[in-house]
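Colleague: If you count the sequence shown from 1, you need to add 10 to reach this note's numbering.
Keep in mind that the hints were calculated from the coordinates and are not lab data.
Bear in mind the structure is a predicted one, so any value in this text is a computation, not a measurement.
A couple of the hints might just be wrong.
Unchecked claim - Distance condition first, Cα-Cα at most 25 Å in a straight line; then the derived DMTMM-like pairs of lysine to aspartate or glutamate: (1) LYS53 to ASP102; (2) LYS87 to GLU14; (3) LYS87 to ASP102; (4) LYS53 to GLU14; (5) LYS43 to GLU136; (6) LYS87 to GLU139; (7) LYS87 to GLU42; (8) LYS43 to GLU61; (9) LYS87 to GLU58; (10) LYS53 to GLU136; (11) LYS43 to GLU58; (12) LYS87 to GLU61; (13) LYS43 to GLU139; (14) LYS53 to ASP74; (15) LYS53 to GLU139; (16) LYS53 to GLU42.
As the list claims (entries may be wrong) - So the derived label-pair ranges between C-beta atoms look like this: (17) TYR110 to TRP142: 20 to 26 Å; (18) ASP74 to PRO101: 23 to 29 Å; (19) VAL78 to TYR98: 26 to 32 Å; (20) GLU42 to TYR99: 33 to 39 Å; (21) LEU100 to THR79: 21 to 27 Å; (22) ASP92 to GLU58: 28 to 34 Å; (23) GLU51 to ASP102: 24 to 30 Å; (24) ILE63 to GLY125: 16 to 22 Å; (25) PRO101 to ASN122: 16 to 22 Å; (26) ASN145 to PRO96: 19 to 25 Å; (27) ASP102 to GLU14: 52 to 58 Å; (28) SER138 to PRO101: 26 to 32 Å; (29) PRO96 to GLU58: 35 to 41 Å.
Where a beta carbon is used, it is the ideal one built from N, C-alpha and C, also for glycine.
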Amino acid sequence: MPTETPIPTVEIVPYVYEPDPFLPPGVEPLGEKWIDINLSEQKLYAYEGNELIYWFWVSTGLSDTPTVTGTYYVYIKLLYDDMTGPGYYLPDVPYVMYFYNGYGIHGTYWHNNFGYPMSHGCVNMETSEAGWLYNWAFVGIPINVHY
Numbered sequence: 011m012p013t014e015t016p017i018p019t020v021e022i023v024p025y026v027y028e029p030d031p032f033l034p035p036g037v038e039p040l041g042e043k044w045i046d047i048n049l050s051e052q053k054l055y056a057y058e059g060n061e062l063i064y065w066f067w068v069s070t071g072l073s074d075t076p077t078v079t080g081t082y083y084v085y086i087k088l089l090y091d092d093m094t095g096p097g098y099y100l101p102d103v104p105y106v107m108y109f110y111n112g113y114g115i116h117g118t119y120w121h122n123n124f125g126y127p128m129s130h131g132c133v134n135m136e137t138s139e140a141g142w143l144y145n146w147a148f149v150g151i152p153i154n155v156h157y
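Please put together the full structure from these sequences, using the hints given.
Modeller: Take a look at the structure:
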């Protein structure tokens, strides 16, 4: 006579992101909330004081259209913006935060190659991650861009 096999139970354990609480060498906190963009690593870090809250892979400027370096501040946030330049027109770019002239951080729907330079100088992010950053950041948030 066959016996009934018990159905195994599965325990679902949610993943909790725990960032490294230490700043990279030579980096000083810029305020309560601030953004650090490392062009060598192609990573964007979101900090609150000394605490790393989250990091993201990004795509920054190509060698002939580099991303500017220095300390800047977001001067405007736009839910969507049309971007144009020599050889490109990108309508409805989401979650745009401009920090220097036409340089900004924004969502990207035209590629998924984050971690490698791809842009005309802006900081490209995966769209949902750009949305998180857009909602977390504020006009005036400091941004440190460096190699």
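Colleague: Tell me the hint numbers this structure goes against, listed in increasing order.
Modeller: The structure breaks hints 2, 4, 19, 26, 28; every other hint is satisfied.
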